[in-house]
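S.K.: Sequence:
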Amino acid sequence: MNSKMSQLLEDRKNVHVLYSYNEVEHYIKQVLGFIEDGIASGDYVILIENDRLYPIIDRELSKRLTKEQMEFIHFVNSMDFYWSSGSYHPPAIAEYFNKTVQPYVENKVSFRSWAHVEWASMEEPLHIIADFENIVDEAVNELSFPLICAYEGKRMPDYLKTILLETHPYVLMEDDFIISEKYQPSNV
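In our numbering, each residue carries its 1-based index in the sequence shown increased by 1307.
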């Protein structure tokens, strides 16, 4: 994982990062590093991922981690997560997320989360992503945990890129890590 970002995650817990990726190989490299760094730091990792990539990630992690370390990973199917109400509905997604993290919060267990955000087409009402990302940004600060939201760069229209830069204080683009100058803290 990017050393600047690893350092930030060590220094602070409430870190909300936009990861714009272009190649699946880079994506997998980043998610593996995030999980390995998290487990090495004693964090549980909530991995919100699709059914296509999770087996690849799981296989690679099985080669790198012990059976005990693998128990620190909580897999959440991204389709179940984002479409739990039958559509991309931010309050339902937030409720699903709160139920997922509740045991960690109640037991004061350190955790981090990686969320792969995908949608079927660009016909989706992308403005609701801003609502969701604002809710998430508030949760990251309130619950004090690191979260990376991964979006495929070439599938992001300029309108969505602007929304995401406004709702994420940090941005990871392949191997570069920056502070978003467009970030606007949520008032949720």
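Just so you know, these hints were derived from the structure itself, not from any lab. Each hint should be verified, as a subset may be incorrect.
To be verified - Label-pair restraints from in silico Cβ distances:
1. S1369 x S1348: 14 to 22 Å
2. G1349 x S1310: 18 to 26 Å
3. E1343 x N1414: 17 to 25 Å
4. T1407 x G1340: 16 to 24 Å
5. Y1466 x N1321: 36 to 44 Å
Glycine is no exception: its CB is placed at the ideal position from the N, C-alpha and C atoms.
S.K.: Look at each hint and say if it fits the structure.
M.R.: Verification of the hints:
1. S1369 x S1348: 14 to 22 Å: 20 Å, holds
2. G1349 x S1310: 18 to 26 Å: Because 19 Å falls inside the window, the suggested range holds.
3. E1343 x N1414: 17 to 25 Å: This hint holds: roughly 23 Å between Cβ atoms.
4. T1407 x G1340: 16 to 24 Å: Cβ of T1407 to Cβ of G1340: about 22 Å, so the range 16 to 24 Å holds.
5. Y1466 x N1321: 36 to 44 Å: 27 Å, violated
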